Amino acid sequence: MTDVAIVGIGMHPFGRHEGVSGMEQGAIAVRRACEDAGITWKDIQFAFGGSREAGDPDRMVSMLGLTGIQFINVSNGCATGGSALFSAFNAIRSGAFDIGIAIGFDKHPRGAFTPRTQTGTGVDWYGSSGLALTTQFFGMKINHYMQQYGISHRSLARVAAKAFRNGANNPMAWRRNALSEDEILQSQMLSYPLTQYMFCNPGEGGVALVMCRADIAHKYSSRPIFLRTSVVRSRRFGSFEVTAPHLALEHGDGPTIDASKAAFEQAGVGPQDIDVAQLQDTESGAEIMHMAENGFCEHGEQEHMLARGDTEIGGRLPVNTDGGCLANGEPIGASGLRQVYENVLQLRGAAGVRQVPNDPKVAYTHVYGAPGISGVTILSR
Amino acid sequence: MSEAVSISDEVLELTADGPRLIGARCEDCGNYVFPAQSGCSRCTGSRMQRVVLGTQGTLWAWTIQGFPPKSPPYLGDTARETFKPYGVGYVTIPGELKVEGRLTEADPKRLKEGMRMRLVTVPLRKDDNGRDIVTFAFEPVEGESP
Ligand SMILES: [Zn+2]
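Protein chains in written order, with my numbering: chain A, 1 to 381; chain B, 1001 to 1146.
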């Protein structure tokens, strides 16, 4: 099979953009990615696009040019971007295409995500009863985890404070003001133990990545970044996932553990080889748990790692160097691709003031979404 | 006390002996699910039998819903001035499964994993006939204090 390279990256800033449709933000990201690769939309042979609330992605061909390409829409909750990337990766790897693009964009209304609950019965008793909020799952999972592994409220605040510090150094980020740990701890309690500033918000933005066969990558970029693997997994029996009216008595590994193990195996590297990581941080507890679920530490070790600053930009394993979901918000279709965009910048050595100083060679991304799906990528120079 | 009506007879039955949750059990592997569904999440089989679930258990994980959920779908009080936070948790029903439900307790200091809980109902709002639309919830068993 052919290896795959990322040769062009484009982004529309995340945040709130009155008067700019989500699809327009996606189209702007596509044009920037093509420009970065030194090509035009005419050179693109296929596209996979994801958006949850900003329209069917394939409609954007009317803005970009009607070239007749294969354009497939993907939808996978918070893992939509990861799924678009997986699809594009395999379209090239299989030999079906030489060059194509993965696109994600979105534009969500203000406030918490609207619950979407199909529990099998006719009535929406689940949402009507005041259950079915994703924020409740995040609160329960980290609350349970804190008691199991001795994670403190202070650690939750450390993660959020780091996100806003990194976001302040990212011109594409939404939240660009640093907040103190105490401000974060004292903000409104939304879903115990998680406060307002420990949660990311639905937002807007777009990202596009031009990918091609590795053997032709130097035609498009002097610094191609190689996509070593892209893995997506759904949940197995016994795992603890978002919006589940019941759980099994027995425990099984969640999809993040499965996706991570498969990705390391396929890429032929281990957690100790990763120089920079972007981990799903829909709230600060998620980043903490995902550090362990992705194999970067033992459960409970995060308490000391955060206190020591191990996951800061200058630390042993920088995590969420662009501010993550906490500082960027979460336009669902674009969020997973934002992580890859950031890792490409870091591996190119082009991340500016937030460049990790360890001369990174291998980078890792992880997304998690409803109803229990994870996507992992590993990139290298 | 006004007459009560279940949020959904498919998941919650109001009986003379109290509220009962309706789930299903797999005839092939014994796995329990809630609500009832046609296939087994454990063995992939499809011989599922309707069952009434146990009404007592222990608290496995919990949080507090601190802001009013969006309405629709939520049927309870969403006014910022009068909204009261409520607990949400998973309760382990021994030998069966863990059920997610509201908790009658909303004070973090009074909730503790492992505490004994029992099934009750809580009112969400009145229907057009003045009856209470109720959903299920779990309440700490008396004498249980963390
Ligand atoms: Zn079964």
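Keep in mind the hints are simulated off the structure, nothing from the lab. Treat the hints loosely; a few may be bogus.
Claimed, not checked - Just some of the chain A residues that point at chain B, by a computed CB distance under 8 Å:
| id | residue |
| --- | --- |
| 1 | 55 |
| 2 | 130 |
| 3 | 136 |
| 4 | 140 |
| 5 | 147 |
| 6 | 149 |
| 7 | 150 |
| 8 | 168 |
| 9 | 169 |
| 10 | 185 |
| 11 | 186 |
| 12 | 249 |
| 13 | 270 |
| 14 | 272 |
| 15 | 317 |
Just so it is clear, the structure is predicted and the values come from calculations on it, not from any experiment. Idealized CB from N, CA, C, for every residue including glycine.
Find the hints from earlier in the document that the structure breaks and name them by number, from lowest to highest. The structure breaks hints 1, 6, 7, 8, 9, 10, 11, 13, 14, 15; every other hint is satisfied.
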